[in-house]
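Peer 1: One-letter residues, chain by chain:
Number of protein chains: 2
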Amino acid sequence: MNKDIGLLIVGHGSSLKYNKELVRSVASEFSEEFENVEVGFLNLQEPKIKDGIDRLLERGVSKIVVFPLFLARGVHTLKDIPRELGLNDGESKGKITVDGREVDIFYARPIENDKRLAEIALDRIKEAMS
Amino acid sequence: MNKDIGLLIVGHGSSLKYNKELVRSVASEFSEEFENVEVGFLNLQEPKIKDGIDRLLERGVSKIVVFPLFLARGVHTLKDIPRELGLNDGESKGKITVDGREVDIFYARPIENDKRLAEIALDRIKEAMS
Numbered sequence: 005m006n007k008d009i010g011l012l013i014v015g016h017g018s019s020l021k022y023n024k025e026l027v028r029s030v031a032s033e034f035s036e037e038f039e040n041v042e043v044g045f046l047n048l049q050e051p052k053i054k055d056g057i058d059r060l061l062e063r064g065v066s067k068i069v070v071f072p073l074f075l076a077r078g079v080h081t082l083k084d085i086p087r088e089l090g091l092n093d094g095e096s097k098g099k100i101t102v103d104g105r106e107v108d109i110f111y112a113r114p115i116e117n118d119k120r121l122a123e124i125a126l127d128r129i130k131e132a133m134s
Numbered sequence: 005m006n007k008d009i010g011l012l013i014v015g016h017g018s019s020l021k022y023n024k025e026l027v028r029s030v031a032s033e034f035s036e037e038f039e040n041v042e043v044g045f046l047n048l049q050e051p052k053i054k055d056g057i058d059r060l061l062e063r064g065v066s067k068i069v070v071f072p073l074f075l076a077r078g079v080h081t082l083k084d085i086p087r088e089l090g091l092n093d094g095e096s097k098g099k100i101t102v103d104g105r106e107v108d109i110f111y112a113r114p115i116e117n118d119k120r121l122a123e124i125a126l127d128r129i130k131e132a133m134s
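If you're matching them up, the sequences are chains X and L in order.
When you line the first sequence up against my numbering, it's residues 5 to 134, in that order.
When you line the second sequence up against my numbering, it's residues 5 to 134, in that order.
Derived from the structure by calculation, the hints contain no laboratory data.
One copy or any two copies: either way a pair holds, since identical chains are not told apart in the list.
Keeping only pairs whose Cα atoms sit at most 30 Å apart, straight-line, the calculated DSBU-like set for lysine-lysine is:
no.	residue 1	residue 2
1	K21	K54
2	K52	K99
3	K24	K67
4	K130	K7
The structure presented is a predicted model; accordingly, all values stated were derived computationally and were not measured.
Produce the entire structure from the sequences given, and follow the hints as far as they go.
Peer 2: Rendered as structure tokens:
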């Protein structure tokens with residue numbers, strides 16, 4: 005666990021509560037790996053992405069890993085979130101300056117294709133038929 | 005494998021290609037469990053949900069399991085997709101009639117919170133920092 009590194013989990017946001025609950029649940033799974041974990045939403049819900057960044061900076065981190073909790077790359081992960089972060093399109097690493105402080109940003113890819121995703125899907129399908 | 009059952013994987017759809025690629029990849033994982041698998045998109049891409057249903061019916065199935073490849077419940081999974089399927093809000097099972105044929109629909113829940121989802125997220129986070 006490195007106190008210098010913060011983790012920001014970014015969610016889409018929703019007019020209902022479920023997206024936020026999921027983002028918070030996933031974030032809570034990382035309390036062993038990261039001392040500083042925050043969430044931020046692109047749309048419709050608070051805290052916003054910039055709020056999450058600000059909260060991590062208040063805790064003194066100098067590096068932030070941003071994980072977009074989205075299924076696939078798309079306009080949100082490739083354009084909208086990088087813009088909020090102050091990264092250029094397509095950048096997965098970069099430096100941003102917030103209130104005069106320079107911060108390293110590491111921008112992860114979303115879930116994408118993964119055998120475990122298909123395993124979860126199969127469980128849901130079996131459950132629906134039972 | 006039961007020839008009488010069809011699987012429909014429903015995706016959000018996107019103006020970019022990645023959501024469709026992911027939905028197709030996940031669908032391809034079920035060729036052992038299901039002889040009849042189709043995909044359908046809510047927005048922006050073809051085939052639409054109704055096209056997927058029609059394709060399954062052309063293959064002679066009398067039951068269709070619908071899996072929404074979405075991270076969390078929300079307006080899309082609770083309202084928009086059920087409406088396309090001809091289910092009432094909140095129904096996870098129902099009968100629909102298409103061109104005079106009665107079909108049983110089993111509507112699965114989306115991915116939602118799952119340990120394997122957090123495991124994938126941790127892999128993406130580690131990859132971004134490496």
